[in-house]
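Chemist: Listed below are the residues making up each chain.
There are 2 protein chains.
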Amino acid sequence: MTTTTLPGASLIADLRPEARNAPESGIVEVVNHGRLKQGLIPLWVGEGDLPTPDFIARAANKSLADGETFYTWQRGIPELREALARYHTALYGQPFSSDRFFVTGSGMQSVQIAVRLIAGPGDELVIPTPAWPNFAAAIGIAGAKAVCVPMDLEHGRFKLDLDKLAAAITPRTRALVINSPANPTGWTATKAEMGALLALARKHGIWIIADEIYARFVYDGSPRAASFHDVMEPEDRVLFVQTFSKNWAMTGWRVGWIEAPPALGQVIENLIQYSTSGSPVFVQRAAIAALEEGEPFVAQQIARAAEGRKIISEGLLATNRVSLAAPDGAFYQFFSVDGRSDSRALAIELVDKANVGLAPGTAFGPGGETGLRLCFARKASDLVEVVARLQKALAT
Amino acid sequence: MTTTTLPGASLIADLRPEARNAPESGIVEVVNHGRLKQGLIPLWVGEGDLPTPDFIARAANKSLADGETFYTWQRGIPELREALARYHTALYGQPFSSDRFFVTGSGMQSVQIAVRLIAGPGDELVIPTPAWPNFAAAIGIAGAKAVCVPMDLEHGRFKLDLDKLAAAITPRTRALVINSPANPTGWTATKAEMGALLALARKHGIWIIADEIYARFVYDGSPRAASFHDVMEPEDRVLFVQTFSKNWAMTGWRVGWIEAPPALGQVIENLIQYSTSGSPVFVQRAAIAALEEGEPFVAQQIARAAEGRKIISEGLLATNRVSLAAPDGAFYQFFSVDGRSDSRALAIELVDKANVGLAPGTAFGPGGETGLRLCFARKASDLVEVVARLQKALAT
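Just so you know, the protein sequences line up as chains A and B, in that order. Under the numbering used here, the letters of the first sequence match residues 1 to 396, in that order. Under the numbering used here, the letters of the second sequence match residues 1 to 396, in that order.
Don't take each hint at face value.
List of simulated lysine-lysine pairs, DSSO-like, C-alpha gap at most 27 angstroms [what the hints assert, rightly or not]:
| # | chain 1 | residue 1 | chain 2 | residue 2 |
| --- | --- | --- | --- | --- |
| 1 | A | K145 | B | K145 |
| 2 | B | K37 | B | K392 |
| 3 | A | K379 | A | K392 |
| 4 | A | K164 | A | K145 |
| 5 | A | K62 | B | K37 |
| 6 | A | K62 | B | K191 |
| 7 | A | K353 | A | K159 |
| 8 | B | K62 | A | K379 |
| 9 | A | K310 | A | K203 |
| 10 | B | K164 | B | K145 |
| 11 | A | K37 | A | K379 |
| 12 | B | K37 | B | K62 |
| 13 | B | K191 | A | K37 |
| 14 | A | K62 | B | K379 |
| 15 | B | K203 | B | K191 |
| 16 | A | K353 | A | K379 |
| 17 | A | K392 | A | K310 |
| 18 | B | K310 | B | K379 |
Derived list of chain B stretches under chain A, where covered just means 3 residues or more per stretch with a C-beta under 8 angstroms from a C-beta of chain A [unchecked claim]:
| # | region |
| --- | --- |
| 19 | 23-29 |
| 20 | 57-67 |
| 21 | 109-118 |
| 22 | 137-146 |
| 23 | 188-195 |
| 24 | 251-257 |
| 25 | 262-276 |
For the record, the hints were derived by calculation from the structure and aren't laboratory data. C-beta atoms are modelled at their ideal positions from N, C-alpha and C, and glycine is treated no differently.
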């Protein structure tokens, strides 16, 4: 009997385990399976179908024409940091200074830097799940451990049990990772829950990594979801990880920000310096245009998502084959199909059979295994077609 | 007696030491000191004075107009990876396949990912110094240790002592970090030295992180510097960290690449996914234009650098106050001023007194403390003026 070694296997064995063991994205796996399929309606990733509006792209064009193609401030250009302060002041109804804001090369980079700031080998971060898988992966690559606390699922609706969350905190815990409105579940914390989460973190002297990137996408008529900003003091140990991707249809631009106590400024600058060394000025000019001229577009996006949510939740329920509740926030419908517990196999099957791209719940950690995530930030006619295709596929 | 605590000090104390201890860039410190000074000629950072050529910016504009504003391939769009393969095939005179290339959000991100692939707590990486400080910083943030091996300095010219390098290798060593042509020293390895370095790495079963980003900037009439590509096999443990910044005047675009054995592809993709989640398509289109239409511009850049090198080395020598040798490669003059050993203080003084921005040697690690780095990738008239200003300042 001989042992065969794959070419390259010895190279891979010679990598750091944190890198080698980083999981392949369970979403990307399905995307790669169906990326080139003709006529497929892709609802698997967290982006809508609208390209970035022209007024945003024009700001980038102008900056390029002005020759803004050189290195720049590691924390972001002052004009963008000031625009972020004004945006927050308006959205949260309280004053913000620009020295709380640090421009990054994506919400993902914000997460990476936030994790690096506070966690490494021996540390634990507590995450309610199902959750966006990139949190746990970034934590693992940093050598720390993601401790998952499955949320309770009742009639398709997820709930956070604060006692379970508290029970997961150990002396090794460095932070709670709180995503509200949540991807993929749509769970949206109330102000009271935000207060309770903050109190829990304060009591244990731990940080909160707050992902409120879907704050504008709520469906109860409010202008935004409850925020840690509604309950915290400026110097609380809260690190906000943010992105321009969702509100302004800028997924492809790779630009986001961190909001943090200004005392951390130099450390954050250093972590930016030694990871990507700043963001392009022309991208930052586009981000300023988004903040300053983007409200009508954001309103349009929210209205489309509200319509999409209705089409999808009602349409799927009408199949009588699914379990779901329409989400309180974000722009995903998380649902399970009766009698189908392997969501990865189901997502692949629906690519092949229904020509619809969905993200498998297996990608989102404990508690999500049987679900599918559908992004409904898309034009109504596509979503009506998706409902028809799923109805047919699930009926057989 | 009372102890006062600075506001925010407790927050900083509550960060991970790897983050908290990441050094402020010694270059950025001087830049921030002089950034707003009127009339200052900035030669402190590694970029020239030419904005990105129009044909490159136009490719980005066209991509934006085409609506290429969505998420894309984590490894880079296939067209760019293929263009990189063609570029390498032409430059190195041997075939390259596109699956060796991975697009990143800067040369710096390439370094970060290369370090993460192979090093973490307990590991050591050996670096000849003086060296670009971001290597050691990225290694430190990863929890690993940068082991510096000062190069020998003879009459202003740096030499690498392979025996000293070999003596620095321990069972903890994971890689040699080799930058040739080197920033800041201009040291450029011969093909024989490249072969010896590779043999050393092979003998110890360790990796090489190869920074050959200045390969085109050599001054002996060759089309490029010697490369590990001249001596290696495709599956050797060599990770190339690369950037579009220098050849194509794209410092502000934040786009680079890693070249590595294809077997590492999925792991590299994962590290990209969990750090920045890919690069903008419109930036990648610009990068393709750079590779495919950029040769006349690169030739112009090299010719300007050759002229700048001559002006600076001859002009500084004429002061009779400096010690230097004109560099074999890259576009920096590294020099020391007689009787002045504190380069940080001297760099600050030259900002104030000569209105010239230089990088202090203290930023580049052991062996560089007394030097100053001057970037001569700039128009001749500015460099002539710099020589005059320095002549005056150093004479007093």
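Chemist: Provide an ascending list of the numbers of those earlier hints which the structure does not satisfy.
Modeler: 6, 7, 9, 12, 13, 23
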